[in-house]
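Asks: The hints should help you fit chain B onto chain A, whose structure is shown.
Chains A and B, in that order, give the protein sequences. Each step along the first sequence adds one to the number in my numbering, with nothing skipped, and position 141 is 141. Each step along the second sequence adds one to the number in my numbering, with nothing skipped, and position 72 is 72.
For the record, the hints were derived by calculation from the structure and aren't laboratory data. There may be inaccurate statements among the hints.
[To be verified] Straight-line alpha carbon distances no greater than 27 Å define the calculated BS3-like cross-link-like pairs of lysine-lysine that follow:
1) A:K133 - B:K150
2) A:K72 - B:K83
3) A:K89 - B:K83
4) A:K89 - A:K16
5) A:K160 - B:K83
6) B:K83 - A:K66
7) A:K72 - A:K16
8) B:K150 - B:K83
9) A:K185 - A:K72
10) A:K72 - A:K89
11) B:K166 - B:K13
12) B:K83 - A:K91
13) B:K166 - B:K150
14) A:K72 - A:K91
Since the model is a prediction, treat every value here as computed from it, not as a measurement.
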Amino acid sequence: MLTFIDTVGEAVAGIKDGSTVMIGGFGNAGQPFELIDALLDGGATDLTVVNNNAGQGDQGLALLIKEGRVRKMICSFPRQSDSWHFDAKYKAGEIELELVPQGNLAERIRAAGAGIGGFFTPTGYGTMLAEGKETRIIDGRGQVFETPIHADVALIKALKADGKGNLVYRKTARNFGPIMAAAAKHTIAQVSEIVPTGGLDPENVVTPGIYVNSIVRVAGTAGKTEQVA
Amino acid sequence: MSIQTASLQTSDKPLGRDDLARLVARDIKPGSFVNLGIGQPTLVSNYLEPEQNITLHTENGMLGMGPVAEGDQIDGDLINAGKIPVTELPGASYFHHADSFAIMRGGHLDICVLGAFQVSATGDLANWHTGAPDAIPAVGGAMDLATGAKDVFVMMTLLTRDGASKIVDACTYPLTGVGCVTRVYTDKAVFLTGPDGVQVRETFGCTLEELQALVPVPLTAAPAVER
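Just chain A, with the same shape it has in the complex (with noise of 0.2 Å):
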């Protein structure tokens, strides 16, 4: 059932400890940095997240890192700049990271929220991240055997939302929030508005509401006004 949510810390709220977790986002781009803030409030811990990075500069995921509450990283990018949070807890054997490479990873993620029970991808054959994999040549080309990644619950951000939970995004800031909105058995969307069931055109909906359970409105965080952040 679709719940419109008043604060982010109600949102977040049921998120148990050792849960699995999706964050949307690539770089910060689509990151809902005030549903991440609001599960590093409210405690939750041992969570394996799923993101395309691990982490960038001093919020967000990476301060999720810091404090030490995700167990495990599945990623396809963490090693940035700056994500020291996660360069630390690696080094020092504190986080377990499992490399996708960044296809795969949304292909895995697309095929949970599909049903599908897994796929064979050119992507990675031959390499060391395919060793122990299943392997076969499929007309005529060596491919990997993936299995679907699911989640518990899924933090993503998008623009609007309307009175049924669709969801419309912004720009490149959609990459992998409708995936993980199917993906998830939760899905909590941060948005920067709501407007009235009828208020979207059906044309234009990207994530239907089907897959979205908690919406809660954050002002202004979608466009440019966060570039200066």
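Replies: Only chain B this time, still in chain A's reference frame:
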């Protein structure tokens, strides 16, 4: 042989990064859909002509990417795969990550241009990980890019700082993709890689014999049709 070899040399000195980017841009067929990797390949966009009608893809979810954003154009929701603010061109489209990598993996992109640590004689690519024990691995879209596009072009210097050839018999760095590279643009020559071994399309500031002395795999002149 000497006449044929001399005809391969198209510049009396090695090419700089910008000249190489200009050459790659010129070689991209009009109407192509192209992904330019982070780093040196990004320079290619500076030399694409409007009449080429090239559409740039960025794997974080956009076709029709425009130049880097400046001043008031900067928008945190509009970035490229290197997380640099960019602009959108008329006719641009946005899509989620699974669609973006389906565009790549599905063979819909014509060309992807990547940097490399090493390329093998059969077109194996190593460009994501040095394999150093203390290095934190990060792969991003490198493996998807290497396996997805119809043609994979590499741009790199031919030699490492220590003078070792980056075109090798077999890659010693961890692989990004197997047999995926079709062309290698370097400061000293353009190489064609594939099942027929390594062919040289043109050389810059050296002859084929001088080039062969630097590269530990057999080189042959590419057929005239390739030049």
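Asks: Run every hint past the structure and note whether it holds.
Replies: Hints, one by one, checked against the model:
1. A:K133 - B:K150: 26 Å, holds
2. A:K72 - B:K83: Answer holds: K72 (chain A) to K83 (chain B) is near 24 Å, not above 27 Å.
3. A:K89 - B:K83: 24 Å, holds
4. A:K89 - A:K16: 22 Å, holds
5. A:K160 - B:K83: 23 Å, holds
6. B:K83 - A:K66: 22 Å, holds
7. A:K72 - A:K16: Distance ~15 Å between K72 (chain A) and K16 (chain A) Cα, so the pair holds.
8. B:K150 - B:K83: 25 Å, holds
9. A:K185 - A:K72: Holds - the C-alpha atoms of K72 (chain A) and K185 (chain A) are around 19 Å apart, at most 27 Å.
10. A:K72 - A:K89: The hint holds at about 11 Å.
11. B:K166 - B:K13: 19 Å, holds
12. B:K83 - A:K91: OK: K83 (chain B) and K91 (chain A) at ~25 Å, within 27 Å.
13. B:K166 - B:K150: 23 Å, holds
14. A:K72 - A:K91: Roughly 14 Å between the alpha carbons, so the hint for K72 (chain A) and K91 (chain A) holds.
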